[in-house]
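Asks: With chain A fixed as given, assemble chain B onto it according to the hints.
Respectively, the protein sequence lines represent chains A and B. Going letter by letter, the first sequence gives residues 123 to 224 in my numbering. Going letter by letter, the second sequence gives residues 90 to 229 in my numbering.
Hints are computed from structural coordinates only; laboratory data are not their basis. As the structure is a prediction and not an experimental result, all values here were calculated from the model. Even for Gly, the Cβ is constructed at its ideal location relative to N, Cα and C. Zero decoy hints are in this set.
Label-pair restraints from in silico Cβ distances: (1) A134/A / S107/B: 41 to 47 Å; (2) S106/B / G147/A: 48 to 54 Å; (3) S198/A / N137/B: 27 to 33 Å; (4) S107/B / Q141/A: 45 to 51 Å; (5) P164/A / P120/B: 21 to 27 Å; (6) P142/A / A184/B: 48 to 54 Å; (7) N131/A / E185/B: 46 to 52 Å; (8) Q145/A / N137/B: 29 to 35 Å; (9) P142/A / G117/B: 45 to 51 Å.
Derived DSS-like pairs (lysine-lysine); straight-line CA-CA distance at most 30 Å: (10) K153/A / K166/A; (11) K166/A / K118/B; (12) K161/B / K118/B; (13) K150/A / K166/A; (14) K112/B / K161/B; (15) K118/B / K173/A.
The lines below spell out each chain.
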Amino acid sequence: MSRVRYRPNPFAEEEIRAQPVHQRGMRKITKGAAASVRVVAPHKTGYYERKVRARGTRVVAADPFWHIVELGSANSPPYAPLRRGFRAAGIRLVVSPKPTRE
Amino acid sequence: MMLNAEAIAIAYLREQSSIEALKARVEGKTPSTLELPWIRVTQLDAANATETTQVEWLVGYYLQLDCYAGSKGGRAEAFALTKAAREALVAFPDAELEDAVPTDVHFLSMARIPDTDFTDQGGARERYVLDTEIYMHPKP
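Okay, chain A solo, but in the shape it has when bound (with noise of 0.2 Å):
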């Protein structure tokens, strides 16, 4: 029997996720997640709602008070849209202030 010899690829990963397959997949997810964000939203204006798009791989919250909506202050309680619908969504939630190249 031929010995077989393996050789980790330390960059699989982010090969993986440049392939267009893997991009297409995603993006039906990342639709999914971001519809799940508006959903548990808080509901006053809807500007928050409004401004959470779905960009490719990415969810995005442009409203520029999002950090307080997500994580809330001293004047105003976490409602969290983004952790809460991602987990309503069945994604597991990862965080990370490592910003990615992708």
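Replies: Leaving out everything else, chain B in the frame of chain A:
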């Protein structure tokens, strides 16, 4: 049977000598006076970990802990308070509670995000936001 996770976590943290030593309040809302440090506990979610909707027994309670420094405290105080809360929660599964049995605690994030609603301390009050998921079931 659902538990009042906020009340349970608040009562537990209030008993910790490390948090008392910082003269910190632990509340479910922003306290009326803001000179001393405080922790605000807010429940964001409660997911059934039993994987059946017929039985609500083991539930993962997703809590956000806002750990604020006092008016003279600064980043070091906010960090010390967050560290004390986090270490107390690590020991939570070993705690003997009246109505609940905590089985596991996960920390999802611990971000330093000063609160810009304040104008003291250079334009923002120092705060760490500690996201945690606490798995608990009622005491049999």
